[in-house]
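Novice: Heads up: the sequence lines are chains L and B, in that order.
Just so we're aligned: the first sequence equals residues 1 to 454 in full-length UniProt numbering.
Just so we're aligned: the second sequence equals residues 1 to 454 in full-length UniProt numbering.
None of these hints come from the bench; they were simulated from the model.
Even glycine gets a Cβ: it sits at the ideal position worked out from N, Cα and C.
A portion of the hints provided could be inaccurate.
[Unchecked claim] With a cut-off of at most 16 Å between alpha-carbon atoms, the simulated EDC-like pairs for lysine to aspartate or glutamate come out as follows:
hint	chain 1	residue 1	chain 2	residue 2
1	B	K74	L	E190
2	B	K72	L	E190
3	B	K335	B	D289
[To be verified] For each label pair, taking beta carbons as the anchor points, the in silico distance ranges come out as:
hint	chain 1	residue 1	chain 2	residue 2	range
4	B	A244	L	D103	33 to 43 Å
5	L	I377	B	E297	54 to 64 Å
6	L	R397	B	G206	39 to 49 Å
7	B	E232	L	D103	37 to 47 Å
8	B	W410	L	K311	41 to 51 Å
9	B	G363	L	Y408	30 to 40 Å
10	L	R397	B	W404	11 to 21 Å
11	B	W406	L	Y408	16 to 26 Å
12	L	T84	B	T243	26 to 36 Å
13	L	Y408	B	T243	46 to 56 Å
Protein chains: 2
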Amino acid sequence: MNQTAKDLPRIVIIGGGFAGINVAKAFKKSAVEIDLIDKRNYHLFQPLLYQVATGELDPANIAAPIRKILWKQKNVHVALGKVTAIDFEKKIVQFDGGAMDYDYLVIATGAQQSYFGHDDFRVHAPGLKSIDDALEIRRRLFLAFEEAEWEADEEARRKKLTFVIVGGGPTGVELAGAVKEVATETLPNEFRNIQSNSARVILVDGGQRLVGPMPEDLGKKAQEVLEKMGVEIHLQVHVNDVTAEGVVIGEETIPAENVFWAAGVQGQDLAKDLNVEIDRGSRIVVEPDMSLPGHPEVFVVGDAAHATDAKTGNPVPGVAQGAIQTGRFVAEIIKQEIEGRAPKERPAFSYYDKGSMAMIGRGNAIAAIGKVHYSGILGWISWNILHVMFLVGFRNRFKVMLDWLWNYIWKTRRSRLITGDPKVHIKRLYSERHNCEQHEKRRRLRRRHKDQEE
Amino acid sequence: MNQTAKDLPRIVIIGGGFAGINVAKAFKKSAVEIDLIDKRNYHLFQPLLYQVATGELDPANIAAPIRKILWKQKNVHVALGKVTAIDFEKKIVQFDGGAMDYDYLVIATGAQQSYFGHDDFRVHAPGLKSIDDALEIRRRLFLAFEEAEWEADEEARRKKLTFVIVGGGPTGVELAGAVKEVATETLPNEFRNIQSNSARVILVDGGQRLVGPMPEDLGKKAQEVLEKMGVEIHLQVHVNDVTAEGVVIGEETIPAENVFWAAGVQGQDLAKDLNVEIDRGSRIVVEPDMSLPGHPEVFVVGDAAHATDAKTGNPVPGVAQGAIQTGRFVAEIIKQEIEGRAPKERPAFSYYDKGSMAMIGRGNAIAAIGKVHYSGILGWISWNILHVMFLVGFRNRFKVMLDWLWNYIWKTRRSRLITGDPKVHIKRLYSERHNCEQHEKRRRLRRRHKDQEE
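Build out the structure end to end from the sequences listed, making use of the hints.
Specialist: Printed below as a string of structure tokens:
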């Protein structure tokens, strides 16, 4: 037994996202020893992160413990830790909990938010790549209305109720739509001084149209729908600065206390330390077979890789499907080789586009499947079905459907807790501190709203 | 209309817990203007906090936005903010978002964790009074197993897998039972190196028996059940120190990396600044009618008050029922006076004990209702029913029942995300940093477990 255990081929997978999990699962029946390491203890269903950020879903609904997903697969050994170095010669992965040696290594570290060199924007404009990001956006989103309710100064109140979303890709579009819905559908009845639906939601993108990667007609459609919802859209403008005051577009400053960043992604910092060839977005450049140049036993998959579609020559898109497909492709190569049935030539990866979708708002989503483009309620239905289907764990699927149904019927959102560092929250309130004179203003305000109600 | 608005009696309620919410609700049909201020935007169902801390429930399941609870009650105006001062003469409440004037003031600020003057314990022993507390305990609980899995040093591993719960009241008992269940029922199949069910769970209390406030036979019963579950119980011992190394009891140190504090509560710090009479636990001493001595228009309710039962002379217990009952009692007094139907003498508050319960473990809870004491499955059923009944919001009730049912059947817990400050988490891992020699140890370990499996 020890003998066999020693002789089993050892595969180390870095990252438990779509790519990493799919690599591991492909070896369900294989005689291998797999170490899967991730810096989080859960697999995250990123496409639904924006719904956590806007109070629609609970974090646990879209995140499943990696151990739980793989516990039945006895050949997988999960580790929680951060990879600090890789020795490609000795074939050892160092992490802050120890080290692992490998015969095959799969790097599936995914992507992080990119501020295009302006990391100073981050503090004013949280991104949306992790649960903690989403909770931070949620905190700011709902806190903004709370503060506005007691803000007597008109201008300051407008600033609190202005939300700028930077980036018009699918994430930005979905986030903008959801934020607008929070203001117009979720909150209106709950405040006394402010009209929550008067909140400005501004979507900013440098491109000529929204959802660049998707077909042009759908980009137009998305814009049309969002504008009908009341979202202001600024295209072909570049964000020169983000401060506590707001966003600077060209020369113009949009006063806004809430800026959310959905503009771009890049590979993890780890890639920079490996002294391998990376592209401008710190993605690792790979061979057609997704292997690291000069290291056929090392593969890079998913968002971490700069890969090219063998058929079309286009870059493989950084989406869930890209991660899943590259993961399975690489797993198959490794399997063939350890089972001694590998072809002389390794195949080259080519991406199969199953289509793409983006939720825009209540009962409306855009979808492109092959030549077929559609939107509206039909798109919305397929968006919901697709996302629930791909969600890991029957339980989560069931609960998410339940939440969606409930929220749809009652136009509400349950998960609106303003949690996290209270110091931050208190600090923000203090910065708006008021004095007693304003109190009278406020009472007048209150009366005005009372009158309106009658 | 303005006239009326101005002339309406103004009631300010500080705190949106059981006490504050019940005061506000009592005025559903009254012509008053209510300001309810809380430092959180949600009402928290504290009795179930320990289930969030142990991954059984999601935070949003036990926390409902205060605005959402009261949105239909147009005479209530909710504010998110921290009260900084109260001017009892001018009758103005200052908070970090402004100021509010009142005709009647109800202080329902609740309780916070008490470290009995050893606030330095806090960093090593998080309490369990807020969602953020619960998430911190959850983070440490599940992180401990993750780290132990890759800890090659036997002694260090034991330390990581030792959990000390300080305080043998209902909260401590429920937490200890749940932590033990995480180790014995939730995690066993998911780890390869460690036997999660070998984790030590130690419950420490200074008293002669567990759940002091409850009848003696039930305390014995709780101890019996917990010990059968494998929880080690140390009674009549005092915690002299809590460090990164563990807990110091008398002269003895229990090496433990995870210490959770459920030992005591005290009033909020605000009470100290009001220059009113407070007891050793910073609870505000009140008149028999729950009013502040010398200020009949100011009331203190719930855990914030040091109140005495008019009938028995016993202190009113700091439990949900105490908060609800004092809240309704005070609301009634105010109502009578506003409506000009007040008796000459204000009544004195007396507490009606509806009984108390504590969950111990899977299918076992203790309950005391009047003279009737019972435990086991019957106690467990009534515990579940009672807690779901009192949960705010039909939706939450439904989801909590769903979660309980699911977790009970599958012996699992979904909400095990290790979120929050990754720096902290990384720091802890670094502090355990390993070198390569240990790697071999670890591989041997892995094999040993493999052999055991065969």
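Novice: The structure should be examined with respect to each hint, and the outcome stated for every one.
Specialist: Status of each hint after checking the structure:
Taken as a hint, the K74(B) and E190(L) pair is honoured in the structure, with Cα atoms around 9 Å apart against an allowance of 16 Å. At most 16 Å may separate the alpha-carbon atoms for a hinted pair to count; K72(B) and E190(L) meet this at roughly 8 Å. Simply put, K335(B) and D289(B) have alpha-carbon atoms about 14 Å apart, close enough for the 16 Å limit, and the pair holds. A hinted range of 33 to 43 Å holds for the C-beta pair A244(B) and D103(L), which are about 39 Å apart.
As the Cβ distance of I377(L) to E297(B) is approximately 56 Å, the hint placing it in 54 to 64 Å holds. Our hint of 39 to 49 Å for R397(L) and G206(B) holds, since their Cβ atoms are close to 47 Å apart. Here the CB-CB span from E232(B) to D103(L) is close to 44 Å, well matched to the stated 37 to 47 Å. About 44 Å separates the C-beta atoms of W410(B) and K311(L), a value consistent with the hinted range of 41 to 51 Å.
Between G363(B) and Y408(L) the C-beta distance comes to about 37 Å, which sits within the given range of 30 to 40 Å. Hint check: R397(L) to W404(B), Cβ distance near 19 Å, so the stated range 11 to 21 Å holds. For W406(B) and Y408(L), the hinted distance range of 16 to 26 Å is satisfied, since their beta carbons lie about 23 Å from each other. Checked against the given bound of 26 to 36 Å, the beta carbons of T84(L) and T243(B), roughly 28 Å apart, stay inside it.
In this structure the supplied range 46 to 56 Å holds for Y408(L) paired with T243(B), their Cβ-Cβ distance being about 51 Å.
Checked against the numbered hints given earlier, the structure satisfies every one of them.
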